[in-house]
Amino acid sequence: MTSSSPSNRVEIDVEVNGRRRTVAVDARDTLADHLRNDQKLTGIKLGCEHGVCGACTILMDGAAVRSCLTLAAQGDGRSIRTVEDLSDGAALSPLQEAFKRHHALQCGFCTAGFLISATELLESNPSPTRDEVIEALSGNLCRCTGYQTIVEAVLDAAGQIGN
Amino acid sequence: MKLPNIRYASPASIEDACDLLSADEDSKIIAGGQSLLPVMAMRLAQPSVVVDLGNVPGLTDLEEAGDYIRFGPMVTHAAIVSSPAVAKHLPMMVAAGRHIAHPQIRNRGTLGGALAHGDAAGEWPLVLLALNGMVEVQSVRGRRTIDADDLFVGPYMTTIAADEIITDVWIPSHSDGWGYGEFARRAGDYGLANVAVVMSTEGSQISNARVAVGAAVGKIQRVPEAEDVLNGSELSPERAEVASEAGAKSLSYISDIHGSAEYRQGLVQELIRRTIVEAGART
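Chains A and B, in that order, give the protein sequences. The first sequence begins at 1 in the numbering used here and counts up by one. The second sequence begins at 1001 in the numbering used here and counts up by one.
Just so you know, not all the hints are guaranteed correct.
[Stated by the list, open to error] These stretches of chain A come out as covered by chain B in the derived footprint (C-beta under 8 angstroms, 3 or more residues):
| hint | region |
| --- | --- |
| 1 | 7-21 |
| 2 | 43-55 |
| 3 | 61-71 |
| 4 | 88-95 |
| 5 | 131-138 |
[As the list claims (entries may be wrong)] As a list, the in silico SDA-like pairs of lysine to any residue whose alpha-carbon atoms are at most 25 angstroms apart:
| hint | chain 1 | residue 1 | chain 2 | residue 2 |
| --- | --- | --- | --- | --- |
| 6 | B | Lys1002 | A | Cys48 |
| 7 | B | Lys1002 | A | Asn37 |
| 8 | B | Lys1002 | A | Gly89 |
| 9 | A | Lys40 | A | Glu132 |
| 10 | B | Lys1002 | A | Gly77 |
| 11 | A | Lys40 | B | Asp1228 |
| 12 | B | Lys1002 | A | Ala24 |
| 13 | B | Lys1088 | A | Ser124 |
| 14 | B | Lys1028 | A | Ser4 |
| 15 | A | Lys100 | A | Ser7 |
| 16 | A | Lys100 | A | Ser124 |
| 17 | B | Lys1028 | A | Asp13 |
| 18 | B | Lys1002 | A | Pro126 |
| 19 | A | Lys40 | B | Asn1005 |
| 20 | B | Lys1002 | B | Asp1119 |
| 21 | B | Lys1028 | B | Lys1088 |
| 22 | B | Lys1249 | B | Asp1228 |
| 23 | A | Lys100 | A | Arg78 |
| 24 | B | Lys1028 | A | Val52 |
| 25 | B | Lys1002 | A | Arg36 |
| 26 | A | Lys40 | A | Ala91 |
| 27 | A | Lys100 | A | Pro126 |
| 28 | A | Lys40 | B | Lys1002 |
| 29 | B | Lys1002 | A | Gln160 |
| 30 | B | Lys1002 | A | Ser124 |
| 31 | B | Lys1002 | A | Phe109 |
| 32 | B | Lys1002 | A | Gly47 |
| 33 | B | Lys1002 | A | Arg143 |
| 34 | B | Lys1219 | B | Glu1234 |
| 35 | B | Lys1219 | A | Val52 |
| 36 | B | Lys1028 | A | Ser5 |
| 37 | B | Lys1002 | A | Ala91 |
Bear in mind the hints are in silico, worked out from the structure with no lab data behind them. Ideal placement from N, C-alpha and C gives every residue a C-beta, glycine not left out.
Let the sequences and hints guide you as you build the complete structure.
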């Protein structure tokens, strides 16, 4: 909602993982702060908090964005999906299954961000090439895996293994 | 780090946004926030009020307007890179836009924000200068137009006043030859040296050459010494060599942990040479 009077509290109307609610946030809160602290969606991780590592990546109106580089107030009127929404209860999504199969994670801190970036890619481009996968994941850092298994997992989920 | 304490306003019109900027000299516009929020997190900026343009209608237009493409300031990098009109009329922007950070940043970052931020390593400031574009700005004092040649004055410094907002970006459609080159140690990093070249030919002679350099030299700037070698001459690999050497020699370079001044000069010289050759091949 629009307001021409500056305030340090802001009311936002935001849909998160299919549930819409109106909440008050601090003006200084990033979307990551709000989703983790107020909505308890701690699958989102905060690594660098200035847009470098990609661990906080979420989908906003279908586009992968850094939730640490978006103010909570800028989430007003938006539809947000986080890693918590990818599985159906305990049933993992095909992409998550592929990550498990390929050992595409070790410590897991970066995993939510990778899953979200890969989800955006596969939703817009269901049959990506290896180069397209690498480009889509270029903004996510992983310090454990060396990336190869992550790229393999995304290609597998897309049915592109061996292509 | 967490962001500093701020107040937030979300005006419904450019006029309201201008009023907010004029009411408090420490207020700051937020567009996509992909540069502003990191500098706030690192306490390099601490605005009193963040004025969000996200709810002002009409700022994401991208349209052909006569001999120009007109962009609203809130058009995202991703929208530019995937626009058929941009691909047709301003293909340099597609090539340059792909160098901007990573897809997740390009989904949020905006053209107006990048130009106002005026980062010497920024792709859009360099492209605007090479393509001879302009920005239209508004404040409570009125509207004015600033040519790219008069826009960038130093690192993160532009001639846009603190109370002015970019409302439109105009870039002339180009049928000229163009080249864009950027060197970064990893894909998505800020370039160590960025170069954009535009030129046309009359008969076999080069005319209207515009050679622009960013990153390595700390300020988005044209390179008249290279342009002078090109204009009125016939393009050849040797001419590109001479122009790049004269151009690179005329600039002064940053030196830091990422590379010495000498190294950056070498990068700039080679990128100027390559982009001239590319531009020549496209005329």
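Hint-by-hint comparison with the structure:
For the region 7-21 of chain A, the assignment as covered by chain B holds, since 3 residues bring a beta-carbon within under 8 angstroms of that chain's beta-carbons and 3 suffice. Coverage of the region 43-55 of chain A by chain B holds in this model, with 4 residues showing a Cβ closer than 8 angstroms to a Cβ of that chain against a need of three. Counting residues of the region 61-71 of chain A whose CB lies closer than 8 angstroms to any CB of chain B gives 8, which reaches the minimum of 3, so the coverage claim holds. Check on the region 88-95 of chain A: 0 of its residues sit with their Cβ under 8 angstroms from a Cβ of chain B, so the three-residue criterion for coverage is violated.
Under the rule that three or more residues need a Cβ within less than 8 angstroms of chain B, the assignment of the region 131-138 of chain A holds, with 3 such residues. Between Lys1002 (chain B) and Cys48 (chain A) the alpha-carbon distance is near 10 angstroms, which keeps this suggested pair within the 25 angstroms criterion. Only pairs whose Cα atoms come within 25 angstroms are accepted, and Lys1002 (chain B) paired with Asn37 (chain A) is accepted, the gap being roughly 13 angstroms. Taking the CA atoms of Lys1002 (chain B) and Gly89 (chain A), the gap is near 32 angstroms; set against the 25 angstroms cutoff, the hint is violated.
Distance hint between Lys40 (chain A) and Glu132 (chain A) is unfulfilled; the C-alpha atoms sit about 33 angstroms from each other, more than 25 angstroms. Restraint check for Lys1002 (chain B) and Gly77 (chain A): satisfied, since their Cα atoms lie roughly 24 angstroms apart, inside the 25 angstroms limit. A threshold of 25 angstroms between alpha carbons decides the hint, and for Lys40 (chain A) with Asp1228 (chain B) the separation of about 61 angstroms lies outside it, so the pair is violated. A C-alpha spacing of about 18 angstroms is found between Lys1002 (chain B) and Ala24 (chain A), which places the hinted pair at or below 25 angstroms, so the restraint holds.
Among the hinted pairs, Lys1088 (chain B) with Ser124 (chain A) is consistent with the structure: their alpha-carbon atoms are about 23 angstroms apart, no more than 25 angstroms. Annotation: proposed proximity of Lys1028 (chain B) to Ser4 (chain A) holds, straight-line Cα distance about 14 angstroms (limit 25 angstroms). A threshold of 25 angstroms between alpha carbons decides the hint, and for Lys100 (chain A) with Ser7 (chain A) the separation of about 45 angstroms lies outside it, so the pair is violated. Restraint check for Lys100 (chain A) and Ser124 (chain A): the C-alpha separation of about 23 angstroms stays at or below 25 angstroms, so the hint holds.
Distance hint between Lys1028 (chain B) and Asp13 (chain A) is fulfilled; the C-alpha atoms sit about 24 angstroms from each other, no more than 25 angstroms. Restraint check for Lys1002 (chain B) and Pro126 (chain A): not satisfied, since their Cα atoms lie roughly 36 angstroms apart, outside the 25 angstroms limit. Of the supplied pair hints, the one linking Lys40 (chain A) and Asn1005 (chain B) holds, its CA atoms being roughly 22 angstroms apart against a limit of 25 angstroms. This hinted pair checks out: Lys1002 (chain B) and Asp1119 (chain B) have alpha carbons roughly 23 angstroms apart, not beyond 25 angstroms.
Among the hinted pairs, Lys1028 (chain B) with Lys1088 (chain B) is inconsistent with the structure: their alpha-carbon atoms are about 35 angstroms apart, more than 25 angstroms. In summary, the hint linking Lys1249 (chain B) to Asp1228 (chain B) is supported, as the alpha carbons are separated by about 14 angstroms, within the 25 angstroms threshold. With a CA separation close to 31 angstroms, the supplied pair Lys100 (chain A) and Arg78 (chain A) exceeds the 25 angstroms bound. Annotation: proposed proximity of Lys1028 (chain B) to Val52 (chain A) holds, straight-line Cα distance about 23 angstroms (limit 25 angstroms).
With a CA separation close to 13 angstroms, the supplied pair Lys1002 (chain B) and Arg36 (chain A) stays within the 25 angstroms bound. In summary, the hint linking Lys40 (chain A) to Ala91 (chain A) is supported, as the alpha carbons are separated by about 21 angstroms, within the 25 angstroms threshold. Proposed proximity of Lys100 (chain A) and Pro126 (chain A) is supported: the alpha carbons are some 20 angstroms apart, at most 25 angstroms. Distance hint between Lys40 (chain A) and Lys1002 (chain B) is fulfilled; the C-alpha atoms sit about 18 angstroms from each other, no more than 25 angstroms.
Restraint check for Lys1002 (chain B) and Gln160 (chain A): not satisfied, since their Cα atoms lie roughly 40 angstroms apart, outside the 25 angstroms limit. This hinted pair does not check out: Lys1002 (chain B) and Ser124 (chain A) have alpha carbons roughly 33 angstroms apart, beyond 25 angstroms. The straight-line distance between the Cα atoms of Lys1002 (chain B) and Phe109 (chain A) is roughly 19 angstroms, inside the 25 angstroms bound, and the hint therefore holds. Distance restraint check for Lys1002 (chain B) and Gly47 (chain A): the Cα-Cα separation of roughly 12 angstroms lies within the 25 angstroms cut-off, and the hinted pair is therefore satisfied.
At roughly 23 angstroms between alpha-carbon atoms, Lys1002 (chain B) and Arg143 (chain A) fall within 25 angstroms of each other, so this suggested pair holds. A C-alpha spacing of about 30 angstroms is found between Lys1219 (chain B) and Glu1234 (chain B), which places the hinted pair above 25 angstroms, so the restraint is violated. Of the supplied pair hints, the one linking Lys1219 (chain B) and Val52 (chain A) holds, its CA atoms being roughly 24 angstroms apart against a limit of 25 angstroms. Restraint check for Lys1028 (chain B) and Ser5 (chain A): the C-alpha separation of about 14 angstroms stays at or below 25 angstroms, so the hint holds.
Our distance criterion of 25 angstroms between C-alpha atoms is broken by Lys1002 (chain B) and Ala91 (chain A), whose separation comes to about 35 angstroms.
Comparing the model with each earlier hint shows violations of hints 4, 8, 9, 11, 15, 18, 21, 23, 29, 30, 34, 37; every other hint is respected.
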